[in-house]
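Here are the chains, one letter per residue:
2 protein chains.
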Amino acid sequence: MIPRVYLAGPDVFLADAVPRAEQAKAICRRYGLIGVSPLDALDEEPAAWSGLSEAARIHLRNEAHIRSCDALIANLTPFRGPSADVGTVFELGFMRALGRPVFGYATTAVPFLARSLAFLGPAATSRDGAWYDGAGMLVEAFGLSDNLMIDGAISASGGVLVTAELPPDRRWSDFSVFEDCVVQVAARLADRAA
Amino acid sequence: MIPRVYLAGPDVFLADAVPRAEQAKAICRRYGLIGVSPLDALDEEPAAWSGLSEAARIHLRNEAHIRSCDALIANLTPFRGPSADVGTVFELGFMRALGRPVFGYATTAVPFLARSLAFLGPAATSRDGAWYDGAGMLVEAFGLSDNLMIDGAISASGGVLVTAELPPDRRWSDFSVFEDCVVQVAARLADRAA
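If you read the sequences in order, they're chains A and B. Residues 1 to 194, numbered by the numbering used here, are exactly what the first sequence covers, in order. Residues 1 to 194, numbered by the numbering used here, are exactly what the second sequence covers, in order.
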């Protein structure tokens, strides 16, 4: 069986999301994987969903796609703030709970603490070696790439988080970091199958 | 058996996180629930974790707490951006995949689209009735409280998302919206048990 890999990420919000998903799937195929996009139709959508809102159907379809996959790759490039897109991170947590390997990549290599401080700007204050935001809430400083649940889940599942610093204008268009991650996924899934 | 409810949220980053967790648990007790905080120790931590980093142990402990609970309440108040805290949303996705009910609350009632546009400021542009950010990525406009995976999961699981508009200086301190949510959780879990 060719392993199926769910491709989570805010890439679905790009104007060229559908052709981009096809490009991502082509990269997966090159490494012996079937890429599954959140934009893919289900083979058959349950009749019970017909009365639901479009948003509710998208949600249920994504959950069904994730359940049908053997692993998940999350595009964790920071999205409208210092952290990854919450929809993507929801899906990462969902797949982690299913006990299957989760992988991630980001097109910035700036650590989470530095990104958080840049986001907070002058609102960030330091006390006894720790950083706090304007509401007095601690800024995570574990030297990780994002919130510890993300890094922790990827590591505990046997996955890998690949990051590289790309120029901002290539942050959402360049496939090189994604491809590096796909290589890792293919190698790990082959190890498991062996 | 008294139902156990995992209390997810960035409240763990507050300076008074431990006494606040105790207050939240007292509210849960008042409605016949056991509140479980991410800050709680495990009854016994696996010996295999002793070599792990603090961040990795926190991650595994939180996953173990979630697995031990019957439901989850997520504090979805926007955190450092227009969306909820990603660690919280990871945990919501995790519990959703376990098939147990997930609930949420937020101390703002401003819809996700309005929050996203306020966050983006002049970078947001409108075209054919849709909104895009500075990278050309669509802004979700489903009339929901946050990313559709969050609203969708809560709804599909039989949970409830409670929001109320509190003044910014009470956004992380006031327990009233949390308590409204606990009331809903207690009622739903009683329905299920019946």
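Calculated from the structure, these hints are not laboratory results. Computed from a predicted model, the values in this text were never measured in an experiment. Hints are supplied without guarantee of correctness; some may be wrong.
[Claimed, not checked] Derived CB-CB ranges, DEER-like: (1) S53(A) with D174(B): 27 to 37 Å; (2) R127(A) with E54(B): 34 to 44 Å; (3) G99(B) with V110(A): 29 to 39 Å; (4) A47(A) with G121(B): 16 to 26 Å; (5) A114(A) with P111(B): 41 to 51 Å; (6) A190(A) with P167(B): 37 to 47 Å; (7) E54(B) with A123(A): 37 to 47 Å; (8) T125(A) with A47(B): 31 to 41 Å; (9) A114(A) with S173(B): 39 to 49 Å; (10) A47(B) with A15(A): 22 to 32 Å; (11) T125(A) with A194(B): 32 to 42 Å.
C-beta: ideal position from N, C-alpha, C; glycine also.
To see whether the hints hold, each was checked on the structure:
no., hint, verdict
1, S53(A) with D174(B): 27 to 37 Å, "holds, 31 Å"
2, R127(A) with E54(B): 34 to 44 Å, "violated, 19 Å"
3, G99(B) with V110(A): 29 to 39 Å, "holds, 37 Å"
4, A47(A) with G121(B): 16 to 26 Å, "violated, 44 Å"
5, A114(A) with P111(B): 41 to 51 Å, "violated, 31 Å"
6, A190(A) with P167(B): 37 to 47 Å, "violated, 55 Å"
7, E54(B) with A123(A): 37 to 47 Å, "violated, 26 Å"
8, T125(A) with A47(B): 31 to 41 Å, "holds, 39 Å"
9, A114(A) with S173(B): 39 to 49 Å, "violated, 29 Å"
10, A47(B) with A15(A): 22 to 32 Å, "violated, 52 Å"
11, T125(A) with A194(B): 32 to 42 Å, "violated, 50 Å"
The structure does not agree with the numbered hints 2, 4, 5, 6, 7, 9, 10 and 11 stated previously, though it agrees with the rest.
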